[in-house]
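Peer 1: As you go down the protein sequences, you meet chains X and V in turn.
Heads up, the first sequence is in our numbering, so the first residue is 1 and it goes up one at a time.
Heads up, the second sequence is in our numbering, so the first residue is 1 and it goes up one at a time.
One should not assume that every hint holds.
[Claimed, not checked] Computed list of chain X residues with no C-beta within reach of chain V, every gap over 10 Å:
no.	residue
1	Ala-13
2	Arg-16
3	Asn-19
4	Gln-42
5	Gly-104
[Said to hold, decoys possible] Distance windows between CB atoms, simulated:
no.	chain 1	residue 1	chain 2	residue 2	range
6	V	Gln-70	X	Pro-7	42 to 48 Å
7	V	Pro-61	X	Lys-52	33 to 39 Å
8	X	Asn-54	V	Gln-13	23 to 29 Å
9	X	Asp-11	V	Gly-54	34 to 40 Å
10	V	Gln-55	X	Pro-21	24 to 30 Å
[Stated by the list, open to error] Chain X is nowhere near these chain V residues, computed Cβ spacing over 12 Å in every case:
no.	residue
11	Gln-38
12	Leu-44
13	Ser-78
14	Gly-100
Treat the hints as calculated values from the structure; they're not laboratory data.
Heads up, the beta-carbon is just placed ideally off N, CA and C, and yes, glycines get one too.
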Amino acid sequence: DAKTTQPPSMDCAEGRAANLPCNHSTISGNEYVYWYRQIHSQGPQYIIHGLKNNETNEMASLIITEDRKSSTLILPHATLRDTAVYYCIVRSGSNDYKLSFGAGTTVTVRA
Amino acid sequence: SQTIHQWPATLVQPVGSPLSLECTVEGTSNPNLYWYRQAAGRGLQLLFYSVGIGQISSEVPQNLSASRPQDRQFILSSKKLLLSDSGFYLCAWSVGGPLGEQFFGPGTRLTVL
Numbered sequence: 001d002a003k004t005t006q007p008p009s010m011d012c013a014e015g016r017a018a019n020l021p022c023n024h025s026t027i028s029g030n031e032y033v034y035w036y037r038q039i040h041s042q043g044p045q046y047i048i049h050g051l052k053n054n055e056t057n058e059m060a061s062l063i064i065t066e067d068r069k070s071s072t073l074i075l076p077h078a079t080l081r082d083t084a085v086y087y088c089i090v091r092s093g094s095n096d097y098k099l100s101f102g103a104g105t106t107v108t109v110r111a
Numbered sequence: 001s002q003t004i005h006q007w008p009a010t011l012v013q014p015v016g017s018p019l020s021l022e023c024t025v026e027g028t029s030n031p032n033l034y035w036y037r038q039a040a041g042r043g044l045q046l047l048f049y050s051v052g053i054g055q056i057s058s059e060v061p062q063n064l065s066a067s068r069p070q071d072r073q074f075i076l077s078s079k080k081l082l083l084s085d086s087g088f089y090l091c092a093w094s095v096g097g098p099l100g101e102q103f104f105g106p107g108t109r110l111t112v113l
């Protein structure tokens with residue numbers, strides 16, 4: 001019962017911005033959008049999360065549409081070390097401790 | 001600062017043998033603890049989580065079990081491994097409520113032959 005839809009893969013040039021889309025058309029009012037990434041053979045790493053407003057931290061920016069049905073993760077200056085699988089996850093604010101990882105987007109940053 | 005340890009890093013076990021994977025967290029108190037599994041070519045799946053000592057919630061029925069004997073120790077066990085238990089096992093921790101950021105360990109790669 002997938003709550004998010006992401007493209008399976010995308011390429012990005014080193015030094016350029018990488019824009020990763022995510023559709024979550026059935027998101028409800030108390031659900032947050034989280035992004036994690038997993039570099040090969042490592043555990044996932046938290047990137048950012050948001051509810052309604054756009055968010056920015058040292059790793060990335062998260063842009064959420066006004067209707068909250070989609071969002072975009074922006075890596076402002078992609079490096080080779082950003083090559084990873086990126087997961088967009090919708091989480092409820094209720095008693096839900098689970099992170100439901102889908103297939104994610106495999107991002108390959110090329111020199 | 002907080003750190004999470006998992007061991008062993010890799011493990012090869014025969015079918016039918018027992019399993020014990022250990023996870024410990026340092027630098028925090030009363031963490032929420034999680035066991036995830038990633039089978040080959042598949043996404044991560046939550047197996048168990050614990051919000052306190054002796055409190056275990058199971059997400060997926062299977063031949064695995066989890067225990068939390070101490071505040072910062074989480075153990076994943078099996079009495080008899082199946083071929084389908086092969087995968088990458090990840091322990092994670094968080095603090096606070098359900099929406100807390102989860103921090104993952106380095107993982108244990110288990111191969112059941």
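Peer 1: Now tell me, hint by hint, if it's right for this structure.
Peer 2: Taking the hints in turn, this is what the structure says about them:
1. Ala-13: holds (27 Å)
2. Arg-16: Given that every Cβ of chain V is farther than 10 Å from that of X/Arg-16, nearest at about 28 Å, it holds.
3. Asn-19: Correct as stated: the minimum Cβ-Cβ distance to chain V is 22 Å, above 10 Å.
4. Gln-42: Given that some Cβ of chain V is not farther than 10 Å from that of X/Gln-42, nearest at about 7 Å, it is violated.
5. Gly-104: X/Gly-104 not clear of chain V: closest Cβ-Cβ about 7 Å, inside 10 Å.
6. V/Gln-70 <-> X/Pro-7: 42 to 48 Å: Holds, at about 43 Å.
7. V/Pro-61 <-> X/Lys-52: 33 to 39 Å: Since the Cβ atoms of V/Pro-61 and X/Lys-52 sit about 37 Å apart, the hinted range of 33 to 39 Å holds.
8. X/Asn-54 <-> V/Gln-13: 23 to 29 Å: This hint is violated: roughly 47 Å between Cβ atoms.
9. X/Asp-11 <-> V/Gly-54: 34 to 40 Å: violated (48 Å)
10. V/Gln-55 <-> X/Pro-21: 24 to 30 Å: violated (38 Å)
11. Gln-38: Violated: least Cβ distance 8 Å, not greater than 12 Å.
12. Leu-44: Violated, since 4 Å does not exceed 12 Å.
13. Ser-78: holds (21 Å)
14. Gly-100: Label violated. Min Cβ-Cβ 9 Å, cutoff 12 Å.
Hints 4, 5, 8, 9, 10, 11, 12 and 14 from the list above are not met by this structure, while the remaining hints are.
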